[in-house]
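Novice: Chains as they are written, first to last, in this note's numbering: chain P, 1 to 289; chain Y, 1001 to 1262.
FYI, nobody ran anything at the bench for these hints, they're computed from the structure. If a hint is listed, it holds; no wrong ones were tucked in.
Short derived list, chain P residues pointing at chain Y, Cβ under 7 Å: (1) M45; (2) S54; (3) L59; (4) Q62; (5) F64; (6) D86; (7) Y89; (8) N90.
Computed beta-carbon distance windows for the label pairs: (9) Y:E1052 with P:E196: 57 to 65 Å; (10) P:G245 with Y:E1052: 52 to 60 Å; (11) P:P254 with Y:G1049: 49 to 57 Å.
30 Å max Cα-Cα, derived DSSO-like pairs, lysine-lysine: (12) Y:K1089 with Y:K1006; (13) Y:K1126 with Y:K1042; (14) Y:K1100 with P:K212; (15) P:K37 with Y:K1126; (16) Y:K1100 with Y:K1241.
The beta carbon of each residue, even a glycine, is placed where N, CA and C say it ideally should be.
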Amino acid sequence: MRRQFRDTVMDLAARDDRVVVILGDISHYLFNTFQEKYPSRFYNMGVCENALVSVAAGLGAQGFHPFVHTIAPFITERSLEQIKLDMCYNEFGGNILSCGASFDYAWDGATHHCYSDLEILRLLPGMEVIQPGSRKELDTLLRSQYNNGRPTYFKLSDHPHTIDLNVEFGRAVVMKDAGAALTVVTAGPLLANVLEACKDLSVNLVYFHTIKPIDTEVLARFRHTQFLVVHDGFGLREAINEMPGIRTWYHGLPDQFCVWYGTVHDIRRRIGLDPAGIRQAVTSFAAGG
Amino acid sequence: MHPSCKQIRRDILFSSRASGHGHIPTSFSVVEMIFAAYGSMKHDPANPGWDERDIFILSKGHAALGFYCVLAQAGYFPVEEVKTFGAFKSKFGGHPDRRKVPGVEVSTGSLGHGIGIAVGMALAFKLQGSPRRVYTLVGDGEANEGSTWEAIMVAVNLGLDNFAILLDFNKSQVRSLQIHNPAERLRAFGCEVFDVDGHHVDEVKAALHAGCGTVKAVVGNTIKGYGCRTLEQNIFEWHRKSPDEAQLEMLLRELDSGSSAP
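For reference, chain Y alone in the conformation it holds in the complex (with noise of 0.2 Å):
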């Protein structure tokens, strides 16, 4: 596991265990992906409205403790705000609030938005003549929305080739809609399809950079709760639970220990 990742996900512990609010599992899922954007995209945390930035959108709003820990990491924020998370003065909610949070661009958690945004500001860009590019991150229960699809139809036939997916398969749909082979489907929809470990920071890096004549889907192969043993394996009991202090210490212990499943 990349060091960052790790101590991003030991800011998702902290946080959840002093805010008392979790959203674990899937912040865990996404950590590498959001990291590895942030890590390919024109940014500068000192000045979030830069007006050469690039954008990045996350339409699995519920993700938010995981994406504000790694903003958090990027520079945008200390890592101890995080820990209000939730509380009813805090900046940071449940799902993630633009004009709250620096570093939001849109405020998401209704699922199947961020993405038809993310689309509309790639279009936008494109009319600018502007090298900016968008950058959305969409879960696998979110592809059950069929504003999604209805998104990705519009991105490829305006042919947004500064617009990429970032599908977080962590087949978390397993209990109802399941999204089998989501490579071949955004394939059939006419993406350039990047299939790789959503843990891995330097592949999912690759993809990004990879060229791309089109819309760019970088399907990230990954484990709901990655880093913890415990997690991964109950996920449906951890959906939303915050760690006691001994929970802390086992899920911190397994973390350092790297006791992921294989």
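For reference, chain P alone in the conformation it holds in the complex (with noise of 0.2 Å):
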């Protein structure tokens, strides 16, 4: 996906000469091509997160288009309030690309997680957060919101699903609607385990790419089912909460770091995000257990 936030901005780049790239010290090879082409355009400014945020905000107040980007938790976690109060509260846009999702670094251990992104940063006033699931879905997304002038989060993962969708920012995908009793919900990447999870069973599937602002249509529409939220990270949950008359329950995150090691894959099975553990947290929710 990080190929795809490349290609995009270098392509935005091209048509758009208030885009500037701004990395902390992530990524740097990748951009090598954006560096050679828009060497102006083109900061790796270090491991300074909060910084990055403060000065991007500076940039987006002088009509640029920044993209920031670095690793998740630091990005997002570390530098709340830069986000908070530089952009958010000041009213200055810009474009905030984390990579690593919530544990796409499970080899590095939990200090590299970064599970409450998209909760922490949906509370804040004015602010948009994206969790695209594919490279197309970046693509789209990214043309749509990068120069909207709103402060705007982009969850990246090494991990992407491989369905072919066509998104609309702030519009939910109804993956499928059997009339069942039962709605599954997931966004991201993961959206791949829980499509094999659910191939079979008799449940209503939807899939958000958009966490903030949540699709209020597509929640009323299925606001007469119990919701079941699928998900491998927090926020999204508690978006769909916030609409009145519906109840959620969450399979996903447990209540403490996910401490193994290993790959994404490892971790997703550990906590039961594998199509197996999916499908059974699915049937048995279904069967009232």
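Join the two chains, each given in its own frame, into one complex according to the hints.
Specialist: Structural data, given as structure tokens:
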């Protein structure tokens, strides 16, 4: 997905000289071509995430469209106050694109995991929060949102799904409406596992790529059903819970750090977010258990 | 004391008295630095959004009352309005809000933020090929924040010669984490440093006008509460205090008599 980020930004930069890339000493070599083509609009600014966000806010204040990029926990949880005040409170726009998702950096351990970014950022007034699931979704949503003058967060993963969806900012995708009493909801790359897990189950399936604003129209359509949120982060369930009359259950992150190493797939398996684990959760819930 | 700066201090005292809110000592310590900055910048009080203006950012937002009174003196709004300071519907909060107060470019308050935004704006002007400049005033307490030094490192690394830091070195951190010899520290971080009397308008202006090939840091040696002996000698008691009528009279007398500590 990071390569897609680069390719899309390369294309946007060719059309819009207000596009500026700011890296926190990550993905530098991936952006070599960008640096060669647009040296005055490329900054590997260093390992100083607070400054990255503040500088981006200053650029946004003067009409530029900054793309700030580094590992998720450092740019969101560490720099929450900069996002909150320098961007949201001051109403200075800019794009924050993280990498690492919730636990892509499985092998590196929990210091590099980010479970709460979607949740904490969606609570900030004026913030847009996006978790694209595929390269195509990222491309579409970046193009539609990068220059809107608002602070916008994109949670990127190196393990995107490959399902071909046409997406629109703020509009959820109804993957399946089986007229069932249970609606399974997910967001981001985990869609692939959820689809596989639910392929022959009689459940409705709704997919979100935009966490804020949440698509209340789709939620209203399924309001009469029970909601099981299957997600590898916090924030989606909480966003849905703000819709009156909806009651949700959650299958995903435990209330503990994911202290195991290995790969993202190993951790998904350990916490029941592999297809088998999701299927078990959905069938168990559907059976009342 | 520069006569305009004495009047600004009078405005601060009257506004604090009328509103019941304070932060007088820190506002007094920055008067000449902000006054000198606005005396050196391109700006137009009749057109605060002028697209060729230079930018001033009060990174230590808690000196807002002093900032408002300098802006009023410059003609951005009548000083009488500042007497609503801190009231529910006032434009003038305890920390400045850019959406409410003409001339305020960035809403600040939490320390260590304004300076980073200032760096971004200075970079933006470089990218635009614009001659516009950015000035930011930070406090020595604010220099406790790591983000302040992150911003300085980034600015120096970018070679932003259109960017000036004014450090209000009023030694307020004697009670906690002191910044000893800030000029040396800023020099070590790559700034070109001008060590001046922060209450001497011409000295501050001369430093701001001096040629500089990189980030400029003007260390203003200041006194918290400067201009009133009572404030200077009781900075903790007066940190957020507003004077009653008798205290106002006393402070005005001290200000008029020039009874500052030497």
